[in-house]
Amino acid sequence: METATETAKRRITIDPVTRLEGHGKIEIFLNEKGEVDRAYFQVPELRGFEKFAQGRTAESMPQITSRICGVCPTAHHMASTKALDRLYQVEPPPAARKIRELVYNTFMVEDHALHFYFLGGPDFIVGPRAPAQDRNVLGVIAKVGVETAGRVIAMRRKLRELVALAAGKAIHPVFGLPGGVSRPLAPEDAAQFRQVAAEAVEFAQFTLGLFQKVVLQSTEYVELIESDLFTHRTYYMGMVDEQNRLNFYEGQLRVVAPDGHEWAKFDAADYAQHIAERSEPWTYMKFCYLKGIGWRGFADGPDSGVYCVAPLARLNAAEGMATPLAQEAYLQFFGMLGKPVHHTLANHWASVIELLYAAERMQQLALDPEITDPGVRTLATASPREGIGAVEAPRGTLIHHYQTDERGLITRCNLIVATQNNAARISLGVEKAARGLVSSGHVDDGILNMVEMAFRAYDPCLGCATHALPGSMPLVVRVCGHNGRVIRTLRRDADGKIHRN
Amino acid sequence: MKPKAAFYWCASCGGCEEAVLDLAEEVLDVVAAVDIVFWPVALDFKAKDVEAMQDGTIDISFVNGAVRTGHQLEMAQLLRRKSRLVVAFGACAQLGGIPGLANLTTAQEILREVYGEDGPSREFRENGHTLTLPELFDSVYPLNRAIPVDYFVPGCPPSPKILADALQTLLSGVLPEPGTVLAPDRAMCDECPRRDSHPDELRFDRFHRVQEQVLDTGACILAQGVPCLGPATRAGCGARCISGNMPCTGCFGPTSHVRDYGAKALCSIASVIGASEADEIDRIFEGIVDPVGTFYRYSLPSSFLERKRLE
Numbered sequence: 001m002e003t004a005t006e007t008a009k010r011r012i013t014i015d016p017v018t019r020l021e022g023h024g025k026i027e028i029f030l031n032e033k034g035e036v037d038r039a040y041f042q043v044p045e046l047r048g049f050e051k052f053a054q055g056r057t058a059e060s061m062p063q064i065t066s067r068i069c070g071v072c073p074t075a076h077h078m079a080s081t082k083a084l085d086r087l088y089q090v091e092p093p094p095a096a097r098k099i100r101e102l103v104y105n106t107f108m109v110e111d112h113a114l115h116f117y118f119l120g121g122p123d124f125i126v127g128p129r130a131p132a133q134d135r136n137v138l139g140v141i142a143k144v145g146v147e148t149a150g151r152v153i154a155m156r157r158k159l160r161e162l163v164a165l166a167a168g169k170a171i172h173p174v175f176g177l178p179g180g181v182s183r184p185l186a187p188e189d190a191a192q193f194r195q196v197a198a199e200a201v202e203f204a205q206f207t208l209g210l211f212q213k214v215v216l217q218s219t220e221y222v223e224l225i226e227s228d229l230f231t232h233r234t235y236y237m238g239m240v241d242e243q244n245r246l247n248f249y250e251g252q253l254r255v256v257a258p259d260g261h262e263w264a265k266f267d268a269a270d271y272a273q274h275i276a277e278r279s280e281p282w283t284y285m286k287f288c289y290l291k292g293i294g295w296r297g298f299a300d301g302p303d304s305g306v307y308c309v310a311p312l313a314r315l316n317a318a319e320g321m322a323t324p325l326a327q328e329a330y331l332q333f334f335g336m337l338g339k340p341v342h343h344t345l346a347n348h349w350a351s352v353i354e355l356l357y358a359a360e361r362m363q364q365l366a367l368d369p370e371i372t373d374p375g376v377r378t379l380a381t382a383s384p385r386e387g388i389g390a391v392e393a394p395r396g397t398l399i400h401h402y403q404t405d406e407r408g409l410i411t412r413c414n415l416i417v418a419t420q421n422n423a424a425r426i427s428l429g430v431e432k433a434a435r436g437l438v439s440s441g442h443v444d445d446g447i448l449n450m451v452e453m454a455f456r457a458y459d460p461c462l463g464c465a466t467h468a469l470p471g472s473m474p475l476v477v478r479v480c481g482h483n484g485r486v487i488r489t490l491r492r493d494a495d496g497k498i499h500r501n
Numbered sequence: 001m002k003p004k005a006a007f008y009w010c011a012s013c014g015g016c017e018e019a020v021l022d023l024a025e026e027v028l029d030v031v032a033a034v035d036i037v038f039w040p041v042a043l044d045f046k047a048k049d050v051e052a053m054q055d056g057t058i059d060i061s062f063v064n065g066a067v068r069t070g071h072q073l074e075m076a077q078l079l080r081r082k083s084r085l086v087v088a089f090g091a092c093a094q095l096g097g098i099p100g101l102a103n104l105t106t107a108q109e110i111l112r113e114v115y116g117e118d119g120p121s122r123e124f125r126e127n128g129h130t131l132t133l134p135e136l137f138d139s140v141y142p143l144n145r146a147i148p149v150d151y152f153v154p155g156c157p158p159s160p161k162i163l164a165d166a167l168q169t170l171l172s173g174v175l176p177e178p179g180t181v182l183a184p185d186r187a188m189c190d191e192c193p194r195r196d197s198h199p200d201e202l203r204f205d206r207f208h209r210v211q212e213q214v215l216d217t218g219a220c221i222l223a224q225g226v227p228c229l230g231p232a233t234r235a236g237c238g239a240r241c242i243s244g245n246m247p248c249t250g251c252f253g254p255t256s257h258v259r260d261y262g263a264k265a266l267c268s269i270a271s272v273i274g275a276s277e278a279d280e281i282d283r284i285f286e287g288i289v290d291p292v293g294t295f296y297r298y299s300l301p302s303s304f305l306e307r308k309r310l311e
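Chains as they are written, first to last, in the working numbering: chain C, 1 to 501; chain L, 1 to 311.
Hints are not guaranteed to be accurate.
Pair by pair, the computed Cβ-Cβ distance ranges are [unchecked claim]: (1) Asp270/C / Pro148/L: 51 to 59 Å; (2) Asp185/L / Ile153/C: 43 to 51 Å; (3) Ala219/L / Glu242/C: 36 to 44 Å; (4) Ile153/C / Thr57/L: 30 to 38 Å; (5) Asp35/L / Ser383/C: 56 to 64 Å; (6) Gly375/C / Thr180/L: 42 to 50 Å.
Reference listing, derived: stretches of chain C covered by chain L, where coverage requires no fewer than 3 residues with Cβ under 8 Å from a Cβ of chain L [as the list claims (entries may be wrong)]: (7) 144 to 157; (8) 208 to 221.
Listing some non-contacts, in silico: residues in chain L with all C-beta distances to chain C over 12 Å [to be verified]: (9) Pro120; (10) Ala275; (11) Asp282; (12) Ile284.
Hints were generated in silico from the structure; no laboratory data involved. We put the CB at the ideal spot given by N, CA and C, even for glycine.
Let the hints inform the model, and build the full structure from the sequences given.
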């Protein structure tokens, strides 16, 4: 029997056990009454890219930094390439700019589709209350049919072939250079892009239709999306064009307040005036917050500098979509949920709207006659000093900032990755879900699913805990006495089986 | 009975796992051909399930990523005991990879760079709560410095064809010599679509950086004065970077005749310097402003140099 003092302070650890020393860990501490005292979202790994970048050539950075993540290498490659444009003060010719944006949107279609069908999909397509053993990619296939599953696999393959065609490789592209891209797009390549883009638009419409059928027609789902447990009134940031429409590749960064009004709009080059980073002694992750508001701890509301990025934030920060079908979907989204939307789980819906936008944008660019213009490089003549580049990565705003010596060797490198922008809000979300689900020291099996959903809605790119194929992240909850002795263990495996001891 | 296979990742970016997914429709054939007994990214078998197996139970373990923590070392050792064959999969496991450039610095220097003097601590206490973080090691190691490795699949990441061929070879039952790198044992230049434009003799009085000129899309990149590591690098990638009109940076590592990839790469570039006087050679070589990042980009931890000397 445990003693009263042992139960007084309890600790719950939620650890994607498949990544024991890997990339993400949640610790929940209970107070004397058995209520949640604090929840910590820990990132226990640091690889030191910002340090070993020093001494490397600026032009090698698009290829070196893509190795931060093999799932979204194109995002790092592109942010880095844009930083090189600024470093060498050189504008890419129109065709180069368009090829980059075309490749970028192709990548976004592929990445968002992967997220929807394989990662977020199990929560929504199969259903959050479906038996856990069905909440995986096989459950998705059972629900949507083998034919659709085959279509998803084929679509992904074609999109990745296109990225490789234009950028050399789909995993770790090579085409980015200051002032342009390494090769023009041949007319036959453009034709292939047009063909696949048309398929992608259809595919995206089909996916949105599936989402509407399965999720929006279900009161249960909609209630879950709107539930207070997954709601935080924070600031939102995303990239917009001159008309404040969402753009993944270029534009200004726009921040809206929790009431939806524009709080700031700035060039990525001025990020340091607006975004501050802070470290905490218990994690390798650095937390971003809005400098102008300040850090008030892990709290939401207009007085806290906590903000977020990624699909939901991008839609909130924009005033519309630049393509017709996505614009329709955008209006439906806010028509139903109001604006801004503060519900974390609406990220899945937002990402399907973005999937449609990316496919339409891909088609627009592939149809642009200028895309095959052979002029794809502007040679740099200026001496390099400093360059900042930003894109919207699938998981949110990504900023690369380099300083170099006169030979173009990196002297300082600062990277703000998407998940860092979201780290504070993820911590908030985990804590709120824990508070809502743990009371009087009672740890319900449901906490596994619910905390996981709060976490996975951001698709946090911490490595691949959340890129696990079955879409059912294995979790373990350990309840420990204050002396560290494990009182109870709950473990859910990827096959959905729950083990208790 | 189907062969039992395990997949494991150490310090890696996830690109090697994506490379498996890039087999697309063929992934299903792989899944059908083997019995996967351990694959943390996809299936939740625990380390203790592996520990419970008899030694040698697993037919083939594919391990990607470099080794940089005690936990990864333990997992590598465990899989070694339980597996008949261990395959180092991808450049990080084979050579150390790009994260291996961290061997130019130390854990302390990395922490100071990122957090200043006031960084995270290994153990942190607040309100009676204790949180711990794993130790960061100073060095990154390729897999064969941690455990004996039977075969290597090169590339950052391995190309789908190399991967498919390697699987076929390993499942065929007719195994190559232990230590074999499962890719063609010849230089990348041999499969380069621009091979015919490679002159017999090259003499340069200066090197160009890739951003300094517009490269011709059909001619040998080295012949255009930009260091391309094709002559020093193993074939099998399908010349993907060349198709992208960019030079080879050496991710497939050396052929079997070479012990230190970086030294070989350095020689291949030095051999096209068109000068014989030391001063002149120095001047030309200054055109390569980051030799370590150029020649050892993927292979520093597996080289004779291994790392920056620790004080």
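Right, here's what the structure says about each hint:
Between Asp270/C and Pro148/L the C-beta distance comes to about 53 Å, which sits within the given range of 51 to 59 Å. Distance hint check: the CB atoms of Asp185/L and Ile153/C are about 33 Å apart, inconsistent with the given range 43 to 51 Å. The hinted range of 36 to 44 Å is satisfied by Ala219/L and Glu242/C, whose Cβ atoms lie roughly 41 Å apart. Distance hint check: the CB atoms of Ile153/C and Thr57/L are about 31 Å apart, consistent with the given range 30 to 38 Å.
Remark: the range hint 56 to 64 Å for Asp35/L to Ser383/C is upheld by a beta-carbon distance near 59 Å. For the pair Gly375/C and Thr180/L, the supplied restraint of 42 to 50 Å holds, since their beta-carbon distance comes to about 46 Å. Coverage of the region 144 to 157 of chain C by chain L holds [criterion: at least 3 residues with CB-CB distance below 8 Å; count 5]. Counting residues of the region 208 to 221 of chain C whose C-beta lies closer than 8 Å to any C-beta of chain L gives 0; at least three are required, and the coverage claim is violated.
Listed as outside the interface, Pro120/L is inconsistent with that label: its C-beta sits roughly 5 Å from the nearest C-beta of chain C, within the 12 Å cut-off. With a closest Cβ-Cβ approach of about 21 Å to chain C, Ala275/L is found to remain outside the 12 Å limit, as its non-interface label requires. Distance check for Asp282/L against chain C: the nearest CB is about 16 Å away, which clears 12 Å, and the non-interface claim stands. Residue-level check passed: Ile284/L sits 15 Å from the nearest beta carbon of chain C, beyond 12 Å.
Hint compliance for this structure: hints 2, 8 and 9 are broken, all remaining hints hold.
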